[in-house]
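Protein sequence lines, in the order shown, are assigned to chains R and E. Residue numbers are given in my numbering: position 130 of the first sequence equals residue 130, and the series is strictly consecutive. Residue numbers are given in my numbering: position 92 of the second sequence equals residue 1092, and the series is strictly consecutive.
Honestly, the hints are just simulated from the structure, not real lab data. Remember, it's a predicted structure, so these values are computed and weren't measured experimentally. Yeah, the Cβ is synthetic: ideal placement off N, Cα and C, and Gly gets one too. Where hints are given, some of them may not hold.
Within a straight-line C-alpha distance of at most 25 Å, the following computed BS3-like cross-link-like pairs (lysine-lysine) qualify [claimed, not checked]:
hint, chain 1, residue 1, chain 2, residue 2
1, E, LYS1258, E, LYS1202
2, R, LYS57, E, LYS1669
3, E, LYS1202, R, LYS57
4, E, LYS1703, E, LYS1669
The following label-pair restraints were derived from C-beta to C-beta distances [what the hints assert, rightly or not]:
hint, chain 1, residue 1, chain 2, residue 2, range
5, E, GLU1628, R, GLY31, 55 to 63 Å
6, R, GLU40, E, TYR1708, 53 to 61 Å
7, E, ALA1549, R, ASP145, 18 to 26 Å
8, E, GLU1275, R, GLY31, 55 to 63 Å
9, E, PRO1639, R, ASP145, 33 to 41 Å
10, E, ARG1414, R, LEU41, 34 to 42 Å
11, R, ALA52, E, ALA1701, 54 to 62 Å
12, R, ALA52, E, LYS1718, 52 to 60 Å
13, E, GLU1628, R, LYS57, 48 to 56 Å
With the C-beta cut set under 10 Å, the calculated list includes, among others, these residues of chain E facing chain R [said to hold, decoys possible]:
hint, residue
14, PRO1274
15, ARG1277
16, ARG1278
17, THR1281
18, ARG1366
19, ALA1660
20, LEU1665
21, PRO1666
22, GLU1852
23, VAL1853
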Amino acid sequence: MVGDRAPRLPVLEQVELTMADLWATGITPDGHPMENVRPELDPDIVTVAGLAALPDKTRVRVAGVVTHRQQPQTAAGTIFLNLEDETGMLNVICSPGAWARHRRVARDSAALVIRGRLECAEGVISLVAETFTRLELVVGSRSRDFR
Amino acid sequence: MGWENPPMPWRDLEKRLSGHFPPRGENRAPNGQRLAFGSEPERPGSYRRAPYQPGEIERTDGGVPYAELHAHTNFSFLDGASHPEEMVEEAVRLGLSGLAITDHDGFYGVVRFAEAAARHGLPTVFGSELSLGLTQAQNGVADPEGTHLLVLARDPDGYARLSTAISEAHAAGGEKGRPVHDLGALGAAADGHWLILTGCRKGAVPAALTTGGEEAAARELDRLVALFGRDNVAVELTAHGQPDDDARLDALAMLAKKLRIPAAATCNAHYAAPERRRLATALAAVRARRSLDELAGWLPAAATGHLRSGAEMAARFARHPGAVATAHALGQECAFDLSLIRPRLPDFPVPAGHTAMSWLRELTYRGALERYGPRDNETQRGAYAQIEHELTMIEKLDFPGYFLIVHEIVDFARSRDILCQGRGSAANSAVCYALGITAVDAVFYELLFERFLSPERGEPPDIDIDIESGRREEVIQHVYERYGRMHAAQVANVISYRPRSAVRDMAKALGYSVGAQDAFAKEVHRYSGDTSDTDDMPADVLELAAQVAKFPRHLGIHSGGMVICDRPVVEVVPVEWARMENRTVIQWDKDDCASPLVNLVKFDLLGLGMLSALHGCFDLVREAHGREWTLASMPKEDPEVYDMLGKADSVGVLQVESRAQMATLPRLKPRCFYDLVLEIALIRPGPIQGGSVHPFIRRRAGKEAITYPHPSLENCLKRTLGVPMFQEQLMQMVVDAAGCTATQADRVRRAVGSKRSPERVAELRAELYEGMRKTHGITGETADHIFNLIAAFANFGFAESHSISFALLVYASSWQKLRYPAAFCAALLNAQPMGFYSPQSLVADARRHGVEVLRPDVNLLPRAPAWSPPGRATPNRRPRGGGRRCASVCPASARSVTTSPSGSRPSGSRTVPTPTSPTSRCAPAPGPRTSRRCPPRARSTASAWPAGRRCGRPGRWPRRARTGSPAPWWGTGPRGCRCWSRWS
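With the rest of the complex left out, here is chain R:
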């Protein structure tokens, strides 16, 4: 008889599940999209949580999803990015020069690998960006830009 046995469909892979979650709800409940790409990343790339252990002025590379881009009018052209990975969030400061140099990549990429210099002072950690590289995620999420 036809149809008495349901065909066995392949189970969703983790990446597909993440895609479906983002598509349907905008939320990935069981993990951060960065977790999917972490294994393929250069091991030198530090997680946000890992930055706390590093000394001031260290030159590092950090990867993450861009959640905000801000350009306060009083900051004389400085752009602020907020980078999020599976371990936390990081303030990225981008000088007008660096922004001009990497504008296309920095402005249009959903996720970035940023190289820069750490600034740690009194428990506040931020990264002064030097270069930006686009990080391809299977699924991107929308950042809140220049609101």
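Assemble the complex: chain R is given as a structure, and chain E must be docked to it using the hints.
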């Protein structure tokens, strides 16, 4: 007051706060604009319109008096191509004896027009070009259908009648952009108070002339005369240089002669000067939703629709002697001042035997009894004296009605279990506190009432009320019901072209493809319109976009302003339908309402997502734990809350969740409630520049000595360690140092802070110096230093009352985040869109705090949405920017948790808070964090605040215990805290 950073580079501000003042020449804004002392550049992020500043205009006098009776501004949306101010300036330059603004179906631009005209002494005529016979909104139609009727108000009564008629037509149309006028009814409505012009080519008479010849035109004119009276109709002669001008004008002039009615020359101006013609055609293309090429056949052949001088008109209408003089005479007849229509507040219904003032007094003292105890045994010293002082002032300024109206609105919200609280400077008032409008005890904080209400300001008080955003609509509808749709309406938000929309629309008009439009728009900076790094933007797009920037495009709804007045609002300003269901808006924006010319009193009912979230979280906790918390019963001064904030762990918390605030939290290390007040007010530095840190933080960290400019200021600056941070402090400094009254201090604050004339500032400066010398013998450098501090800071300080109001919510949301992270996260998702972070970031943060997040599951959706009040369906909320995303949440019952697909929950934890996004649920993770989940009973009972009013009235803020210690509710704060000393 804004939440934005001051318009000054951080390093400059830091220098000023630290006591180094740049010489005058170096006082510059970030954009290099030179600043006079005490002036500020246009504040970034501020949407308040700067008052009109008239420039020097060279008037030409051609010797022929002429008033323009038919002119459109860019408030004839997508039709006129000049701002009202530009029209006025051009009219003044041309030496016109009056100007009528006749925008389509409304009075949209009249306030701006009247303000500018008043500054130049130009007589104003108010009118409108009514569209008759519209079957639908006309956007997207190349040649709009129907006929036009040009109406000018002869007097303020005529203005009210016209405004009412326009409102009725909009109401009859039942849809935005489609008024339905009835010509017969208009005749009755006019009753001799209007002047009717026959109008442009679309006016009934000229149109009949074109299609049916002179006989048809005569019939139409007869009809107008019959309806409006022979004295109130004039034939309009407009010469736009069309080939048929002479024949048409001759025929019209002949008709006028035959019927013995005057003929007046007009320009039918759509822009001030010929160079705007290109823009005017581009706007026409945008309105018709096609490209200029496609619209070319309908466009005027030349730039003839501009204002003209009397001499030029006389030359143009040489064939029709008297037409120009008639226009001048009619203009003189119809001109009046907009201030003549200024309304008042409605009389508030009060119980028999009471006046508004005595009723307000009664209500205030009832509230005071609850807040401060009986008069002879007040819990806060000086409370009753302060209330009496404020009531006297309110009586003197005749504002009791305003307070009664606000009190009624707040009372209504309370009765419906809707969280709300007043924000802003209203919290400086003990009367507002007693009435339950605000949550801040102004007497306890020694807040200056004069910051809120001052006899010299001559304007009504401004009370903004935050209402939980999900239910604000109920309050708004209540106001409509209470006062009627004729007396209450919402303030419009004039949506203007921003750099990106300007580029997009102009590219569209110029015929670029949709893809190209997108690409161009992306190149432009969203706010500044900076196009310096635009590589491939065509010059014509840039040029037109620059011209159209800031043009009004259409009306939106203001986020919460409602106006109520004594006469029907429609007599003051036309009301029209908004796109949103059941909303009607007036045709003016908030700045128009606030204009001293009209003084339409506005009540701000603002939606605050965080109040929704707080309410939702309490509900979820009750369902999941059976614990009943209210804002009043929450444990106060929980040290772990401050530990959490000190680590910048504040995602989701009101206000301090932003990246900039997060960067200051670890430095400030808040330890008590007042620290949160300071944190909110602290001006946030951008990047860590050359080690410049806010002097307050330096002092607080003990890296800098705490000094005061003068011992007399110690009392007022002590709580901020000698660094002025609040506007109230500036006023107090003036009071303490120069022996002024609080009213004088408010005058100084506003004069030094706003763009007043340098002479005025110099005068006040002399007064201050004199006062300082007399009171304390302060002279020389010290006096300079104090004055400089006041002047430098006048623009930036926060209102302390505002900071305190918000700090209450910061504490409440922090406590919920700490104690019930899962419920808090779920409530935040329910209250979307709100806050700084996307749902994705909120969930990620919750996960990092050990909350388990499940994905949506229809089986777990017992009912949706989570906490809509009974009998009221709220649609699923959609997060901003998400097409089909749905973040509505429902609380998982105990049953649904066990049947959840992911099944295994950490053992030993209670079915806590719960839900998050679509039906998912958060369960606590195992491990040490679990202990944080449920607040130990011991802690909450140990709080100085016995949860005595656990089920207390909703929205009621914590108040001081009436029995036992009269300490404030954060009274359990750590004694070691330095800013505490003020009260201990």
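Evaluated hints:
{"no.": "1", "hint": "LYS1258/E / LYS1202/E", "result": "22 Å, holds"}
{"no.": "2", "hint": "LYS57/R / LYS1669/E", "result": "24 Å, holds"}
{"no.": "3", "hint": "LYS1202/E / LYS57/R", "result": "72 Å, violated"}
{"no.": "4", "hint": "LYS1703/E / LYS1669/E", "result": "15 Å, holds"}
{"no.": "5", "hint": "GLU1628/E / GLY31/R: 55 to 63 Å", "result": "35 Å, violated"}
{"no.": "6", "hint": "GLU40/R / TYR1708/E: 53 to 61 Å", "result": "59 Å, holds"}
{"no.": "7", "hint": "ALA1549/E / ASP145/R: 18 to 26 Å", "result": "20 Å, holds"}
{"no.": "8", "hint": "GLU1275/E / GLY31/R: 55 to 63 Å", "result": "59 Å, holds"}
{"no.": "9", "hint": "PRO1639/E / ASP145/R: 33 to 41 Å", "result": "38 Å, holds"}
{"no.": "10", "hint": "ARG1414/E / LEU41/R: 34 to 42 Å", "result": "54 Å, violated"}
{"no.": "11", "hint": "ALA52/R / ALA1701/E: 54 to 62 Å", "result": "20 Å, violated"}
{"no.": "12", "hint": "ALA52/R / LYS1718/E: 52 to 60 Å", "result": "36 Å, violated"}
{"no.": "13", "hint": "GLU1628/E / LYS57/R: 48 to 56 Å", "result": "52 Å, holds"}
{"no.": "14", "hint": "PRO1274", "result": "35 Å, violated"}
{"no.": "15", "hint": "ARG1277", "result": "34 Å, violated"}
{"no.": "16", "hint": "ARG1278", "result": "30 Å, violated"}
{"no.": "17", "hint": "THR1281", "result": "32 Å, violated"}
{"no.": "18", "hint": "ARG1366", "result": "44 Å, violated"}
{"no.": "19", "hint": "ALA1660", "result": "8 Å, holds"}
{"no.": "20", "hint": "LEU1665", "result": "8 Å, holds"}
{"no.": "21", "hint": "PRO1666", "result": "4 Å, holds"}
{"no.": "22", "hint": "GLU1852", "result": "9 Å, holds"}
{"no.": "23", "hint": "VAL1853", "result": "4 Å, holds"}
In summary, the numbered hints that this structure violates are 3, 5, 10, 11, 12, 14, 15, 16, 17, 18.
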